[in-house]
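Asker: Each chain is listed here by its residues.
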Amino acid sequence: MTTTMTRPGAGTTARHEPPRTGKGPRRQTGRHVMLAGIALLWLVPLLWAVYTSLRPYSDTAKHGYLSWPRSLSLGNFTDAWQQSGMPHFFWNSVLITVPAVLGTLLFSAAVAFFVSRFDFRWNIVLLMLFTAGNLLPAQVLITPLYRLYLLVPLPQWMSDSLLLYNSVWGIIAIHIAYQSGFCTFVLSNYMKTIPKEISEAALVDGAPVWRQFFQIVLPLCRPAFAALATLESIWIYNDFFWPLALIETGDKRPVTSALANLQGQYFTNPNLIAAGALMTAIPTLLVYFALQRQFISGLTIGSGKG
Amino acid sequence: MSSTPVAPAAPVTPDVPPRPRTRRPTRPRRLGPGDRLFLTVAIGIPLAALLFFVWLPALASLGLSFTTWDGIDLADIHWIGLDNYQQIFTNYPPFWPAVRHNVIWLLFTALLPTPFGIFLAYQLDRKIRFTRIYQTAIFLPMVLSLAVVGFIWEIIYNPDTGLLNGLLSAAGSSHHIDWLGNADLNLWAVLVASGWRHTGYIMILYLAGLKGFDPALKEAAALDGANGRQTFLRVVFPAMKPVNIIILVVTVMESLRAFDIVYVLGGGVGSKPGMELLSLLITDNIIGESSHIGYGSALAVVLLLVSLAAIGTFLVQTFRKEDQ
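Top line first, the protein sequences correspond to chains B and H.
Here our numbering runs 14 ahead of the position in the first sequence, where the first position is 1.
Here our numbering runs 9 ahead of the position in the second sequence, where the first position is 1.
One should not assume that every hint holds.
[Claimed, not checked] So the derived label-pair ranges between C-beta atoms look like this:
# : chain 1 : residue 1 : chain 2 : residue 2 : range
1 : B       : Y65       : H       : W88       : 49 to 59 angstroms
2 : H       : Y94       : B       : V47       : 50 to 60 angstroms
3 : H       : R238      : B       : L299      : 35 to 45 angstroms
4 : H       : R243      : B       : A50       : 28 to 38 angstroms
5 : B       : G220      : H       : F139      : 49 to 59 angstroms
6 : H       : L232      : B       : L116      : 43 to 53 angstroms
7 : H       : R243      : B       : Q97       : 52 to 62 angstroms
8 : H       : F139      : B       : A75       : 33 to 43 angstroms
9 : H       : G43       : B       : L116      : 21 to 31 angstroms
[To be verified] Straight-line C-alpha distance at most 30 angstroms; calculated DSSO-like pairs for lysine-lysine:
#  : chain 1 : residue 1 : chain 2 : residue 2
10 : H       : K250      : B       : K206
11 : H       : K281      : B       : K206
12 : H       : K220      : H       : K250
13 : H       : K250      : H       : K136
14 : H       : K136      : H       : K227
15 : H       : K136      : H       : K220
16 : H       : K250      : H       : K227
17 : B       : K210      : H       : K220
18 : H       : K250      : B       : K210
Read the hints as simulated data drawn from the structure, not as lab findings.
We put the beta carbon where it would ideally sit given N, CA and C, even for glycine.
Just chain H, same shape as in the assembly (with noise of 0.2 angstroms):
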């Protein structure tokens, strides 16, 4: 799927004519056995190990949803076709959730500590003091483990000596809100939590773009009037359009993959009430007590589709520009 659009790109780039390097006429020197033994295993180790470890366990869980299985025994695994497909769309209770939280996960993110991360390298970019300190401060959390961050929110969550709960009941009030246990609020606390850490990774990634942003652009702009905002959303946000894809990929693919900080802040035990997400409905089928190893291969192969659009639109967009 990704790579169809990408093909189509390859073989046009021999007749470009107006190929800036048009040197290169003769190759110096042909490979010889020696070059071709050592290529071959400098490309050879790598390129099985990715095989073996990444790209054979993809294709198996893809295989392995179309079977049941407890996990057990591999003479236990019998072939049921789409069953486990059939059975998760129209008859797994904790799906649908699991699919609007992802869905909520993804919005939260992409509208809040996204542009409020943009926002920031926008003022940061400025030649202004303690510009330093801002940013360590901000991008602090995403040095940190997400097991780490996921016990820190939990000092702050805690129903009962967290730092939250003691803020509201120091202001008056008499409410003693679980945060984490209550299915509708936990699913906020968590995206709180997680927002921190994204908003720091991109102010960085777009504090690097603005970089490289000529600046005659921005003095252009402001002597024919234009406001900051106009600058901003007419100028400067228009040409970061390579920044704005690789900040768009992280933040689909970070909201696809969001699993460690729900396990930790959800104590370690799979999905809760409130906080399911593909990724942790996966672990809960694959590592529960009773394993459906089918089951959770047949989610895990929906989450590969859903992130292979994301993959996919990456890559493309990625090496269109290559091949030029």
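The following block holds chain B by itself, in its conformation from the complex (with noise of 0.2 angstroms):
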């Protein structure tokens, strides 16, 4: 629907198009008209899953859902709040989510430090290697992770389950190894342009490795971390094949995956579900709200170097 629709529209300006250089402002109705016009059929979906939130399951049971409210509350939302158990499974998110994007960051800051200002023989083998795995389908690494998933003791303050499978931990570390390639490569990209003689200068003054780690190029990559974080908090809350796989009771999921859940037991009521999917989403529209601009400057770092 949204393709076929939009189409005409993209042909329509492309004849609008000459008089585009004579910056006149009247001009740009038409373009107004047509931008606006695709950026509220782009936000259909989004409102119409609202709309359904917001309405109690009896009235568009009787009068069915392209119909005229006669209430509209925020019923769905607390129902889906306490009935599904929605705090826990937001505990689990920031659980995972919080160590995972902060191990990421400390991680592939290291490898980017290391690629980016040594020189090395094997930096550019290095580099590819972690690039390279964060494009590796997930379906790929499955199979054999879920049975070294098992393989793998924890002791119990760590795990329950005494297993890297079925624990959190789990989840963090897939998460770390596997989005650590994406954060490297932005990482030592953005290194790059530090210029070396700041490094060089506390080298002759005997300052250890370490502290050049530490004290000179992580805070001056402060920026690039803003906008991986943002990123990278984002993507970890958002997925859900790898607790789907390797965590097997549910209770333990984060809150995308609980979802699931949640459409198993009220699978009648899609107001209910629409409420809950709806709030799985608040946490990233908010930071996706507050941090815009990281969020988009971190999606086009790693790109604008290319």
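Both chains are sitting in their own frames, so use the hints and assemble them into the complex.
Answerer: In structure tokens form, the structure reads like this:
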């Protein structure tokens, strides 16, 4: 639907193109109409979900979904919140996302520091190993990973399954290993732009390498860290494949995977599911709106350098 | 495979004569033992994690693809050589449909959402008001989890309660279309949902590229009498080569890896008729009741090899520049 409707739009503006160069603001009305139309069209699915979630199930059951509302309320949200144990799943998501993001940033900063600031023979190979690792399809890893997780023992205080399987640590570990490829790639590009003289001066002063790393290079990378942290938080929070495969019991899963439970339980109540789905999206939406600039520059420092 | 084209480029670096950075004649100091220890630890731990959690499983998948195994007892792994591959190519009914669907996915994404995202970026790059609002609206789906995207489209496509059939019947159509159940339609329904997301992604990537574009080039083109389309096709697009490559890789990788949205819209039970994809067939064989690990791994290796072509292209393009 969306694509067929947008194509004519694309055609018409191509024809409106020529007068563009004469910076007249009135010429832009046509473009605004088109862009606003597309933007609205793009929001339709999301707005429909919001509308559905605000209507009581009884209302939609009687009058159909495509009808004027008799009443709107947040009832579905409170129900989804209470009945499906959402707070618990949100907490699981926090337990996974925060350490995974911090770990990914630390690991990739170390690797990026190594490959971008020192002339070692294996730098390119190392960087390629990390970058390519991030591009492997998850399905290619999953069987051996699952067996591996069953073989690795963990102490009681880390995992009550006594294994990497079915533990939050396992999910954190795979996120860190998998995501550090992307972050290493971005950070190494970023660190190359930091003049070598800065750390050479420190070397001459006799500062050990670890101090250069922690006190000179890391603070200078703050903008890149902000961008990557935003991006990675959203990606890791949104992921549901790893927990689905590597966590057996539902109650340890993060909220995105737990959403599947909700669907199974309340299969017949789309209003409730819509509310649940939208609720899981709230944290990412908040992060996105608060840190929009960082988010977008995060997506693009990887590509800008290309 | 991916490394071979890069390898010859690496040794070239030292003897490129007019190296702009000829300074750094003396290394200020050799690394002391403490520095070496720090670097070893700093690189060793991430590298070990990467090898253990990512590359070891990838290689193990390769190994398992030559075996037959039910996934339970390690002693039951039997080497059968290329049998899995032979079976897949000749005697596994869903395989070729899955390949076809992956190709359709790639072509659809490359021909509609990708150019459309580029088009939108080009429109939004001009200094116009509300550009932030437009960008946000179109990019928003990218921020949502694919699981959430799946649920949102579920309530649009649902044959009884969905928006689409509701609109159709309000428009007077008596057809009751099962968008996700009909094997001729469901792939396209999912592609629309996926394109909804992909457009915003491409738009943002391209927009970022356009920010670094020299406006003088555009002005020169305008002075030469080029119209908007000519300026884009002859001046802007060719100059954006690095971003174009990234976009190509993103499009190919996303098309090959497509999984979550199909999984959710298919009801979370593996592949459905009409929606078979390589990633879902792997999951079917590995997680399904009668797990055929060897078989699933062989499918995974097929997917891996195709992905490596894309990964290789990307790495070569990226690191060739790095070496110069």
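Asker: Give a verdict on every hint.
Answerer: Here's how the hints hold up against the structure:
1. Taken as a hint, the range 49 to 59 angstroms holds for the pair Y65 of chain B and W88 of chain H, whose Cβ atoms sit roughly 57 angstroms apart.
2. Distance hint check for Y94 of chain H and V47 of chain B: the Cβ-Cβ separation is about 55 angstroms, which falls inside the suggested range of 50 to 60 angstroms.
3. Distance hint check: the CB atoms of R238 of chain H and L299 of chain B are about 36 angstroms apart, consistent with the given range 35 to 45 angstroms.
4. For R243 of chain H and A50 of chain B, the hinted distance range of 28 to 38 angstroms is satisfied, since their beta carbons lie about 30 angstroms from each other.
5. A C-beta distance of roughly 56 angstroms is found between G220 of chain B and F139 of chain H, which places it inside the suggested range of 49 to 59 angstroms.
6. For L232 of chain H and L116 of chain B, the hinted distance range of 43 to 53 angstroms is satisfied, since their beta carbons lie about 52 angstroms from each other.
7. For R243 of chain H and Q97 of chain B, the Cβ-Cβ distance of about 60 angstroms falls inside the hinted range of 52 to 62 angstroms, so the restraint holds.
8. In this structure the hint that F139 of chain H and A75 of chain B lie 33 to 43 angstroms apart at CB holds, the actual value being about 39 angstroms.
9. In this structure, G43 of chain H and L116 of chain B meet the distance hint of 21 to 31 angstroms, their C-beta atoms being roughly 25 angstroms apart.
10. A distance of roughly 21 angstroms separates the Cα atoms of K250 of chain H and K206 of chain B; the hinted pair therefore holds under the 30 angstroms criterion.
11. Taking the CA atoms of K281 of chain H and K206 of chain B, the gap is about 48 angstroms. The hint is violated against a cut of 30 angstroms.
12. Restraint check: the Cα-Cα separation between K220 of chain H and K250 of chain H comes to about 14 angstroms, which is no more than 30 angstroms; the hinted pair holds.
13. For the hint linking K250 of chain H to K136 of chain H, the alpha-carbon distance of about 23 angstroms falls within 30 angstroms, and the restraint holds.
14. As the CA atoms of K136 of chain H and K227 of chain H are separated by approximately 14 angstroms, the hinted pair is consistent with the 30 angstroms bound.
15. Between K136 of chain H and K220 of chain H the CA atoms are separated by roughly 11 angstroms; this keeps the pair inside 30 angstroms, and the hint holds.
16. A C-alpha spacing of about 16 angstroms is found between K250 of chain H and K227 of chain H, which places the hinted pair at or below 30 angstroms, so the restraint holds.
17. Our distance criterion of 30 angstroms between C-alpha atoms is met by K210 of chain B and K220 of chain H, whose separation comes to about 27 angstroms.
18. Our distance criterion of 30 angstroms between C-alpha atoms is met by K250 of chain H and K210 of chain B, whose separation comes to about 29 angstroms.
Checked against the numbered hints above, the structure violates only hint 11.
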